[in-house]
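S.K.: Chain by chain, the residues run as shown.
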Amino acid sequence: MTKNLRVKSSEYIDETNRISFKFNGKTYHGFKGDTLASALLANDVHLVARSFKYHRPRGIMTSGSEEPNAIVQVNPGTNRTEPNVRATEVEIYEGLEASSQNCWPSVEFDIGGINNFLSPFFPAGFYYKTFMWPASFWEKYEFFIRHSAGLGKSPTTTDPDIYDHRNVHCDVLVVGAGISGIMAAKNAAKNNFKTLLVEEKNELGGSTIYENNEFNKIDNKTPSEWLKKEIEELKNIKNLEIKTRTSVAAYHQYNYLLARENLTDHLEAKDKTNKIRQRLLKIRAKKVILATGALERPLIFNNNDRPGIMLSSAIKKYSEFYGVACGSKNVFFTNNDSAYESAISLYNKGINVEAIIDIREQSESKIVKKVKEAGIKIYWSHSIVDTTGYKRLNSISIMKLSNDGTSVTGSKISISCDCLGVAGGWTPAVHLYTQSGSKLKFDEEKKVFLPNQNTSEQISVGSCGGDFKIDEIIKNLNQKLKDTLNINETDFDSIKVEIDQENSKRNIWLLPSDKPIGKTKPFVDYQNDATAKDIKLALREGFRSIEHVKRYTTTGMGTDQGKLGNMHALGIIADTAGVKMGELGTTTFRPPYTPLTFGTIVGRNVGKFFDIFRRTPMNDWHVENKAEFENVGQWKRAWYYPINGETMHQAVQRESKAARESAGILDASTLGKIDIQGSDASEFLNRVYTNAWSKLAIGKCRYGLMLNEDGMVYDDGVTTRLGENHYIMTTTTGGAANVLGKLEDYLQTEWPELDVYLTSVTDHYATASLCGPNSKKILKKIIPDLDLSDENFPHMSFKESKIGNIQCRIMRISFTGEHSYEINVQASYGKDLWEKCIEAGKEFNITPYGTETMHLLRAEKGFIIVGQDTDGTMTPIDLQMDWIVSKKKYDFIGKRSLYRSDTIREDRKQLVGLLTDDPNIVLEEGAQIVSELNQSPVEMLGHVTSSYFSPNLKKSIALAVVRGGKDMMGKKLFVPMENKNINVTVANPVFYDEKNERLNA
Amino acid sequence: MFLINCPYCGERDQQEFKAGGEAHIERPKQPTELSDDEWAEYLFMRKNIKGVQFERWNHAHGCRKWFNMVRDTSNDEIKAIYKMGEKPPSQ
Ligand SMILES: [Zn+2]
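So the sequences go chain by chain: B and Z.
For the first sequence, the positions run 38 to 1038 when our numbering is used.
For the second sequence, the positions run 368 to 458 when our numbering is used.
For the record, the hints were derived by calculation from the structure and aren't laboratory data.
The reader is advised that the hints may include incorrect statements.
Just some of the chain Z residues that point at chain B, by a computed CB distance under 10 angstroms [what the hints assert, rightly or not]:
#1 Glu383
#2 Lys385
#3 Glu389
#4 Gln397
#5 Phe411
#6 Asn425
#7 Lys446
#8 Gly452
#9 Pro455
Sample of chain B residues lacking proximity to chain Z, with all beta carbon distances greater than 12 angstroms (derived) [what the hints assert, rightly or not]:
#10 Leu294
#11 Ala306
#12 Glu509
#13 Ile524
#14 Pro629
#15 Gly682
#16 Glu683
#17 Asn971
We put the beta carbon where it would ideally sit given N, CA and C, even for glycine.
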């Protein structure tokens, strides 16, 4: 039987609503309102985890998101499983299952526990030092490391839940709904600021909501009574939106914050279905008020990590808020007054407190007196030197602390206990503050980092701003609110606060033991098992930068980012190195504050919404005709059209022959189209293309090559002169947006004097490219009135016409070397145009072909594809396209770069054709080319850029870039492959119809 | 994520914008007159300052206009925004 440690009903726990849940396969009961942690503690379960490196038994330490130990796998083995969840944040519901991580076969008996006894062999940097050589052994090591380490298990099936994103704009964002956050939000909203208050827990009020210290009064009420009334009033305030279970993950510049709103994680499975599980709020706030509170610090002493050792404030919350006693024999260990409040809280509920160990010499506050009156023994100037109990704390030993705090003296006293509350003072939660880029300053007296220099409109109020006493909090909050909101009064101007809070504190970062440090285990980072010893070792080994020590010892690098122990790590480094903490600086806290699910990050961008895709107006036809598709940028382009179970190779061979022998048709709608107008349009084209444009007659087309300013080929395409001041430019499919952007850039910034206007019309037109010796006959059938004679409509010219009532633009241009027409109609008529062509072409066996055949046909002609045969290092000269570079033009983009010392080198890689000696061997694209086989190492001369088996030439053809290739015509080279060497000969890259006779066939 | 005040559209989220590198580098009017070194100076050399930097930005997913920004790269404070062709503010 497990013990029931429920002490007294709490208003936050609904004892009429009993809930059963499973932990490590065993069924337990809790109540509505419990977290997994509080429910386990109520069942006297402390041992919930094994530590990461030494597999030491670990218990629940905290009551919030800072929890380093109680990391569990929720709903293991289901499609909703989630690893690395803090038990302190999981609200229980009927049917919840959770299990421990990082232990095998079970948390009670963990084989990895042997690491604890081997720990002298696992110092800081052990993995770095041991597994780095020989390098080839890494794969073997990795197998064992992965097996024995590993936090939770990621889900293996599809996530059934829906995730959402929402943009939120507000005047004031308040983060944290403790006393400061509530007062700030209330007063902001009352003064007509559109206000959003977010709180990571499911209840408002922070720690003040269960603050029943009888010596503290606000307007003659206990802080909790007073705050409850304030919270009640929030309901009637306009302009105020409150979101609970919402945790701010990131605070970026310009007050842009990301918060995760948790909507269904606390619900039973049947209530989760078809609801949004988590929502990412993208918040842009005019002003941000951080009221994130403070985190209690542990104390660093020998064996300070046993199950049953908890933060003092957590013990108080479990007792006051959840009505749970964390132990039946409680002891506190402290350096300030907070532990006394926890002790009194337990005492008032009839829970046994054995003693308080205080490292201070004395304190005279009322709460200390009350503890004395209660008969609780206080050991002043004492420190814990060791603890015992493997799976649960069962005793502590204490000794007298020396005056300077560096050693212990006298005899050892042993105290039996099952729960120890440690209170090391408070660390302002400045994580979000620093994420925003704002700068901290170390307060040497309070031993805390405090907000110092804000980079955006923000304030830090309450304990995250360094105010720990209620009177200070209220006074400073009042003034800060007035300043930041520009208001004259608040509704707590005349509030009366009485307090008995003593800030006296004795700060010792690392408490001494009677044993030498080498024989102790004072944990600084619980999650990553880093001890004070490791930090000192790092310093001895020469590490000085805090960022380096952090990485070497892994302190602060767990999923909790060392929320509990970072300050101690800094303190120990400063003490050891003999420097001031303020000079040491602090490590960087990075988003997210607490881990986010991938679902939250991607939101609705999953499955077919993962990325935008674009389809041409003819797409339905391609689908109906069983085309295979390929992605070109965001476009879905028809790749090839297999019939009767053809392979891609078979389909492409058939399509390529048909296009040359009779007629083929290609959907070219994806080509970029830019409409260019203005009185300086010709001059503009002169400047952006390498060739001359002024003399291009209206109704004529011209191929153009566009360079970057560095002389490298950037894009190409055919531009048509539609009128005196009107052109239409085509670009590559993938380059369309960038070309438009680049042209706009030049027009706006370098040549604002030019009268030119650019409009993207890519989506406005659908384009069917009709090619082959019968294309003319097919077009004639569609547009009988149009004179298609070579005299009236020659190659590289343009006609405006009509297909029935549909206006169309026809360019007689060719990317295949065949007689071809590109027919453009308004996009909505695209499919109609396509079907008309197919119908008219039937008698000529018109064959639709995809991008693969297009690539093959153009390769037969030696036409380049920018981005395939070029890679941003090819000039037009390298491509042997000197013919397109105007010698007469004074300037164009990239011209000057064409005769830089580097671009005129003779041994640059140049585009050539390659023919394999065996015509049946098709080279691999990307294969390397060499001139010697019996030499090692051998110089790589270049590589294959395009390679196909040409059905029209009945042999393998390839394009390649080869160093000095221009002068190698006929030279024998080699393409060494894994199993064989392929003999090749450098050839003219125009393999087919060198005289261009087929254009007019 | 910056909040950028486009001189044509007003305040917009950074994701609508594209950064375009250092500002006020004018394309030489007569490139052919330049030596290799002079041309390389224009072509390749860009500052990368920790501190106040003059930059070009484009409202790529908005009005598509280019403009200039003065930004402190050490804390990302945007100190000024002005249109192309306007004189940069004096420091
Ligand atoms: Zn704009």
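S.K.: Decide, hint by hint, whether the structure agrees.
M.R.: Hint check results:
1. Glu383: Check failed: Cβ of Z:Glu383 comes no nearer than 13 angstroms to chain B, outside 10 angstroms.
2. Lys385: 8 angstroms, holds
3. Glu389: 12 angstroms, violated
4. Gln397: 8 angstroms, holds
5. Phe411: 8 angstroms, holds
6. Asn425: 7 angstroms, holds
7. Lys446: 13 angstroms, violated
8. Gly452: This interface hint holds because 6 angstroms falls under the 10 angstroms limit.
9. Pro455: Given a least distance of 14 angstroms, the restraint on Z:Pro455 is violated.
10. Leu294: Check fails; 10 angstroms does not lie beyond 12 angstroms.
11. Ala306: Non-interface label stands for B:Ala306: nearest chain Z Cβ at 36 angstroms, farther than 12 angstroms.
12. Glu509: 30 angstroms, holds
13. Ile524: Consistent with the label, B:Ile524 stays out of reach of chain Z, its closest Cβ about 24 angstroms off (over 12 angstroms).
14. Pro629: 15 angstroms, holds
15. Gly682: Given that every Cβ of chain Z is farther than 12 angstroms from that of B:Gly682, nearest at about 45 angstroms, it holds.
16. Glu683: 42 angstroms, holds
17. Asn971: 40 angstroms, holds
Comparing the model with each earlier hint shows violations of hints 1, 3, 7, 9, 10; every other hint is respected.
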